[in-house]
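Engineer: Residue numbers (the working numbering), protein chains in the order written: chain Z, 1 to 204; chain C, 1001 to 1204.
Be a bit skeptical, because a hint or two may be false.
[To be verified] Label pairs and their in silico Cβ distance ranges:
#1 Z:66 with C:1061: 29 to 37 angstroms
#2 Z:135 with C:1153: 28 to 36 angstroms
#3 C:1116 with Z:7: 24 to 32 angstroms
[Said to hold, decoys possible] Which bits of chain Z does chain C cover? Going by a derived footprint, with three or more residues having C-beta under 8 angstroms, they are:
#4 13-19
#5 46-59
#6 83-89
Hints listed in this document are in silico derivations from the structure and should not be mistaken for laboratory results.
All values derive from a computational prediction rather than experimental measurement.
Even glycine gets a Cβ: it sits at the ideal position worked out from N, Cα and C.
Number of protein chains: 2
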Amino acid sequence: MTMSNDAVRNGVDTGVLFATLDAIKQQPDLARFQFRASNVWLSGAHNRSTIRQFYGAGQEDATRTVDFKLEAGEPAVLLGKDTGPNPAEALLHALAACLTTSLVYVAAARRVPLTRVESTLEGDMDVRGALGISDAYRNGFERVRVNFHIEGEAPAERLQELVNRAQQRSAVFDMVSHGVPVTVTASVAQPSNGVTTAHDRAGG
Amino acid sequence: MTMSNDAVRNGVDTGVLFATLDAIKQQPDLARFQFRASNVWLSGAHNRSTIRQFYGAGQEDATRTVDFKLEAGEPAVLLGKDTGPNPAEALLHALAACLTTSLVYVAAARRVPLTRVESTLEGDMDVRGALGISDAYRNGFERVRVNFHIEGEAPAERLQELVNRAQQRSAVFDMVSHGVPVTVTASVAQPSNGVTTAHDRAGG
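Whenever a hint applies, use it, and build me the whole structure from the sequences.
Structural biologist: Written as structure tokens, this is what we have:
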């Protein structure tokens, strides 16, 4: 079997993919990434994240030319004005996007041409938790269901394997399934005097 | 102390907020919500989620008049064309948005007028995990740091308490910190014949 590493498959340049894997194997520091977001509250449930800078492959990225902006909101029944998807819905997007990208990359590496990848996600929540009414309910989803529909030029078993492998490799699936340590710090101030107290601020 | 329940504080109608809490206490079924997203792969790391329908407060929502669309992508160094924030960045947005909304709602309920809520988030990742190079690294972030800057008309201690309470009540903070059971199923088909096999599809 001859490797045609320069083939673009499923929109992924597999030549670059395999070269990237080789480069990281030889210089593991290239694998260190830091992703970032900044968020500004606007009013009520309306806030907005700006995403652009990240560190990776040994340097601060300089290739992104625009900020990505993501709006958040809540529907009226949850006291908002529907200014954007709510945060729990945004998490479903992150999960769908990551599983899909992982699946497409794995398919590209395995030479499986895909023609369709769609998914629907559902998360069940009893808002008595998040609203502070009852400690018997967690704040977040009790469970999340993801259902893919995948079409590609490979036997059904091979297409199903892509789904399994995507779960084994997806960053967001890992985080949502297993959790991540999150540290929250804050500086606070009164608006009138502008004095900031760096109370509980993390070092570095 | 007289409650002025009809006051709009921090953009939150606290009259509606307290009425909502009372309604749920009397009729707990109103607390059952289901949030949803659907995602379509476009090419490579580019995929798009559509968010609109949800179930809550005893019925399918009919108030949202437009679909929310969220684009995903990867930067070139991760083999994409920068068509949107990457999924891990989208997760940071979800986390920032949820903590912020929780904090603002808690402040409204506690009669703390806020003038500024901003946050920056960082997540550290060694992509040897997600790229399948080494099992010594997890796929997702090793840790996430959130730093808030909050200004409001209350003593520093009270503003710090809002940060603590937001963590105790945020749906996405709960999910990202502790994880959620995620079930992934798939139907697959070959593009030529269109036959779908409901392999491993979940019931219901």
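Engineer: The structure should be examined with respect to each hint, and the outcome stated for every one.
Structural biologist: Comparing the hints with the structure gives:
1. Z:66 with C:1061: 29 to 37 angstroms: 32 angstroms, holds
2. Z:135 with C:1153: 28 to 36 angstroms: This hint holds: roughly 30 angstroms between Cβ atoms.
3. C:1116 with Z:7: 24 to 32 angstroms: Given range 24 to 32 angstroms: violated, Cβ gap about 51 angstroms.
4. 13-19: holds (count 3)
5. 46-59: holds (count 7)
6. 83-89: holds (count 6)
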